[in-house]
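Student: Each chain is listed here by its residues.
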Amino acid sequence: DAGITQSPRHKVTETGTPVTLRCHQTENHRYMYWYRQDPGHGLRLIHYSYGVKDTDKGEVSDGYSVSRSKTEDFLLTLESATSSQTSVYFCAISESQDRGDGNEQFFGPGTRLTVL
Amino acid sequence: GDSVTQMEGPVTLSEEAFLTINCTYTATGYPSLFWYVQYPGEGLQLLLKATKADDKGSNKGFEATYRKETTSFHLEKGSVQVSDSAVYFCALRMDSNYQLIWGAGTKLIIKP
Numbered sequence: 001d002a003g004i005t006q007s008p009r010h011k012v013t014e015t016g017t018p019v020t021l022r023c024h025q026t027e028n029h030r031y032m033y034w035y036r037q038d039p040g041h042g043l044r045l046i047h048y049s050y051g052v053k054d055t056d057k058g059e060v061s062d063g064y065s066v067s068r069s070k071t072e073d074f075l076l077t078l079e080s081a082t083s084s085q086t087s088v089y090f091c092a093i094s095e096s097q098d099r100g101d102g103n104e105q106f107f108g109p110g111t112r113l114t115v116l
Numbered sequence: 001g002d003s004v005t006q007m008e009g010p011v012t013l014s015e016e017a018f019l020t021i022n023c024t025y026t027a028t029g030y031p032s033l034f035w036y037v038q039y040p041g042e043g044l045q046l047l048l049k050a051t052k053a054d055d056k057g058s059n060k061g062f063e064a065t066y067r068k069e070t071t072s073f074h075l076e077k078g079s080v081q082v083s084d085s086a087v088y089f090c091a092l093r094m095d096s097n098y099q100l101i102w103g104a105g106t107k108l109i110i111k112p
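For the record, the sequence lines run as chains A and B.
Numbering-wise (this note's numbering), the first sequence opens with residue 1 and increments by one.
Numbering-wise (this note's numbering), the second sequence opens with residue 1 and increments by one.
To be clear, the hints were calculated from the coordinates, so they are not data collected in a lab.
Misleading hints may appear alongside valid ones.
To be verified - Residues on chain B that point at chain A, a partial pick, calculated with CB under 7 Å:
| no. | residue |
| --- | --- |
| 1 | Leu44 |
| 2 | Leu46 |
| 3 | Trp102 |
| 4 | Ala104 |
Beta carbons: idealized from backbone N, C-alpha and C, even for Gly.
Isolated chain B, as found in the complex (with noise of 0.2 Å):
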């Protein structure tokens, strides 16, 4: 079935480091991707999300492309700061199928 996989965390970076995380996918068929955060103690957010092969979405610093080839979603980021500690969930959905299939989220902490 669809699945996603993201790289496992806590990730731990000093602030103004270069941020990625890793998002690769399987489906059947051409998903919709996406990119959650969620803040401590609150609900997730979208970020960026892209809807067909090679599409970039950009948020508040951060991008991720949606690579076809290489079934991949990578999240991006130049240069970090200390607020963007929070935990990162990619996710896919299908256009035959209304759920978002999530990955189990990678944590990322900024040191200031």
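Extracted from the complex, chain A is given alone in its bound form (with noise of 0.2 Å):
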């Protein structure tokens, strides 16, 4: 399995808080990704990174932040959250984005975020 971290895994906040997540990898992939899972959207893109200091937005990437300071982390933040930011995150890495081998996403464990 690639190594993937997401902590918390689980965080209940009430609305207007700050919250970060945080995504860890082992595998010294250049890109990384954040997305959440809401039923009936299936993943949507909301930031992505494509080397230290490099990111940019995704779909759905009003109300989140990101950070990349080293390859191994990515850092998502929502800097007040609101009850639509309820939802599962995940964080992928791949490789590369080629049409060949290596663009494979590998995914996280997830974080379920609760806003109230």
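Dock chain one against chain two, each of which comes alone in its own frame, and use the hints as you go.
Tutor: Right, here's the structure in full:
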């Protein structure tokens, strides 16, 4: 199994509070991704990173920010959590984005976030 | 834009039954296609993939063939087991765009 951990695994917080989720990898993969998973929507990309300090927005980036100061860590921050951000958050990594081998995305175990 | 459509679930089958989960896509070019599986309480795992027309991906008894003419990538298994109970996601990725485009997922329930 790819070495990806997420912390915390579960969190309950209140509307308006800041929340930071952490993704840590031991695979030295260049690309990292944050998704949210909601019933009926599959997975939706929030932000991704293509290297240290290099990040870009995904499909549903409003209300979220990210940072990547080291290859192994990718942080997702909700500056002021809202109830609509209650979801399961998955981190993923990939070695490349080419058509050939190596573009597989490996997923972490997820973080279940509840915003009351 | 590019999109993926999967059959709605849940799909409920008896053990040893034949499985088909339909997946069709809309894309302006020639995407790579993927099936991922999510077991209860876990993250997603790549099940199989195909990168060009007529390619067949296979793994753990599951198969899917990239059909350009019907823009489909249906997942099949000849004899399912209770341990196959999970949510299955179809996804595509274009060469011009790193992003994976996901279907909504199909929950599969296998009864003994």
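Student: Take the hints in turn and mark each one as holding or not.
Tutor: Status of each hint after checking the structure:
With its C-beta approaching chain A no nearer than about 4 Å, B/Leu44 sits inside the 7 Å limit, and its interface hint holds. Interface restraint check for B/Leu46: the shortest CB-CB distance to chain A comes to about 5 Å, inside 7 Å, so the restraint holds. About 4 Å separates the beta-carbon of B/Trp102 from the nearest beta-carbon of chain A, less than 7 Å, and the hint is met. Here the hint on B/Ala104 is kept, as its CB sits about 5 Å from the closest CB of chain A, short of 7 Å.
Comparing the model with each earlier hint shows no violations; every hint is respected.
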